[in-house]
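The primary structure of each chain is shown beneath.
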Amino acid sequence: MLIKEFQEKITNVPNYLKSWVKTFTGGLTLFCLLSLLILPFLSQNLNFTHVFLRVFTLAMIYSIFAASWDFLTGISGQISFGHAIFFGIAGYICAYLISYLGYPIWIAIIMGALGAVLAGFFIGIPLLRLKGPYLALGTLAFSLVFLKLFLMGSLSDIFFGSEGISALPKLSKDPVVEYLILLILMIITFICIIQISKSKFGTILKSIRDDETGAEASGINTTRFKVYAFMLSALFAGIAGSCYALFITAVNPTGNYGTVISFFAILMASLGGLTTITGAALGAFFFILVEYFLIVAGAADSVYLIFAVILIVVVRFSKQGILKPLLERIKDLWDVLLGR
Amino acid sequence: MIEDIINMIFNGTLNGAVLSLIALGYSLVYGVGHIMNLAHGAYFMLTGYLLLWGLRIFPGLLFLNVIFVVAIVTIIGGLTYILLIKPLQDSQVGVVLITFGLAFAIEQIVLINFGTDSVSISKYLIFTETTDFLGFPMADQSIFFIVMSLAIVSLFALFISKSKLGKSIRAVSQDREAAVLMGINANRTLFYTVVISALLASVAGSLYLPGAALTGPSMGWSYLTSSFAVVILGGMGSLVGSVVGGYIVGFLTSFTSVFIPNGPSWAHLVPLIVILIVLIIRPRGLFGKKEIK
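Chains U and V, in that order, give the protein sequences. So the first sequence is numbered by the working numbering: it starts at 1 and just counts up by one. So the second sequence is numbered by the working numbering: it starts at 1 and just counts up by one.
Hints in this document: simulated from the structure, not taken from any laboratory. Here the structure is a predicted model, which means the values were calculated and not measured. Ideal Cβ positions, reconstructed from N, Cα and C, are used throughout, including at glycine. Incorrect hints may appear among the rest.
Claimed, not checked - Looking from chain V toward chain U, a few residues come up when the C-beta cut is under 10 Å (computed):
| hint | residue |
| --- | --- |
| 1 | Q92 |
| 2 | V93 |
| 3 | A105 |
| 4 | I106 |
| 5 | A171 |
| 6 | A186 |
| 7 | A212 |
| 8 | S222 |
| 9 | L224 |
| 10 | L269 |
| 11 | I273 |
| 12 | L279 |
Given only the sequences and the hints, what does the whole structure look like? Please build it.
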């Protein structure tokens, strides 16, 4: 039954793609992806390219992370303020496996992501009794505890103390290859998450988000699905976390478990629009580019402050995020230009 | 051994005194408006740093500085309500996001101005001596704080039960629509509630922090987490619960610090373990109900 459905879907893919590209968002997305694809090869000046590539690679890591957060909070309605946990656990597991146990890179990344999934399971179960803001604070509490555990006190020595593990290998020696690997990972992640949210599973999650009592009354085992949502979100967050560890070639408590990281996920997904998964990518790229320009302009210290203010303003004035309405304006313009 | 026990009791009471004040404000706002003000911990932290700043500029005038700082933070609380919370009242996600953003912004502002080092305001205390009790030195400032905390809690209990505003607050927390029908301006009441909670947090901060260290701008988060644990333990919306829960969590933390090996490291985990246990065993908390008692 499932196989037949799958076969039908596969044969439909070319038609689906064609009609998708013809829509405005589809075409725009394809254009962005293609331009991202050829970006490394545009300039002959390798140093210049490498810097830009690193910035974009980081943006892609963050977009995977933000998309996973958006999936949990926007689609499933489970507000998570401690997403840094999954990010950090995956990073640490990956780092530990590579540095201390000599695992090959890709196995370590997968193990890191699986570790994050386990964490999602163990965190989801107790926190499931909480709803809304309680859940947000519960996840925040968890992430703070992890941060402290790894950062201070004598327990932290088991966990490599405040310096963490360093000297990790990168995904690849060549920044271009790193960039392309992450681009592919990002595309796969987004396709997965978007397809999942459009599927029956996704609809169930949305129904839990909108009206949990109603969903339960319809016979859905809300607990089970909520745990699934946590685990799935943790999977992608974990992939992002492992890649980040390899990108920075080190892990340490504040860098991987800090509240800043959770803040990033929230900020990027909110900028792009809370329930749209693609918004997370837009938010991530917007954030990284603005951050880069701010640093270059010399305001490095105030970067986070400015973004916090942006978050406050965006949430205050527009729940849709600023980028989606912007896109719609552009779309209207496009339509006008084409004379429709 | 005796020293350890006295240490634990004293510190437990001290922790409890702080936590009960902070959790009181937090639970108040939740009980009345179903709002979680994630910036509550930041108010506390901000008080400490503003005091530090003020005392660096005007060293001798401790009292004036305290009044000034408390006023500022209270005003910030009021502004939080008017600008941020009220427009977003219908959306729980929105309120949580925006107060998180605010807390983060406050942390960043403090971080930019003060850096991450641990600082101490103890140079400016009034009570700089310690009393010895059975061989254990207790800072006078801490004793002063505990007494003041109990006094404030009692005053607050009087306020809530006898004064007109207190009764309005209780009414709105019990049933907002009915309160509005009875002629209570729920909006105004909620505003005062947020202001009072900020006031409580900053008074707690200005009395407690001169005796303790300011461990960095991110200390607000740990007080927020602890107050969340207290409120879950005591029951959301129950003021009695916040006070009692505060002391329980305070004692649990000091017990862990003193008597468990590697104590201080495990002590960080206490709020979380409390949250987990309460959620699994009795999610309602000790005194949990919808109204304020």
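Going down the list of hints, with the structure as the test:
The interface hint given for Q92 of chain V is met, as the beta carbon of that residue sits about 4 Å from the closest beta carbon of chain U, less than 10 Å. At a threshold of 10 Å, the smallest CB-CB gap from V93 of chain V to chain U is about 6 Å, leaving the interface hint in force. Evaluation of the A105 of chain V hint against chain U yields a held restraint, the C-beta minimum of about 4 Å falling below 10 Å. Checking I106 of chain V against chain U: minimum C-beta separation of about 9 Å stays under 10 Å; hint holds.
Residue-level restraint check for A171 of chain V is violated (minimum Cβ-Cβ distance to chain U is 23 Å; threshold 10 Å). Using the Cβ-Cβ criterion of 10 Å, the hint placing A186 of chain V at the interface with chain U is not satisfied: the shortest such distance is roughly 20 Å. Violation of the interface hint for A212 of chain V is found here, the shortest Cβ-Cβ separation to chain U being roughly 16 Å, above the 10 Å cut-off. The interface hint given for S222 of chain V holds, since its Cβ lies 6 Å from the closest Cβ of chain U, which is under the 10 Å cut-off.
The closest approach between the C-beta of L224 of chain V and any C-beta of chain U is roughly 8 Å, which is under the 10 Å cut-off, so the hint is satisfied. The beta carbon of L269 of chain V is positioned within 10 Å of a beta carbon in chain U (closest approach about 6 Å), and the interface hint is therefore held. Because the beta carbon of I273 of chain V sits about 9 Å from the nearest beta carbon in chain U, less than 10 Å, this interface hint is met. The restraint placing L279 of chain V at the interface with chain U holds, with a minimum CB-CB distance near 5 Å, inside the 10 Å limit.
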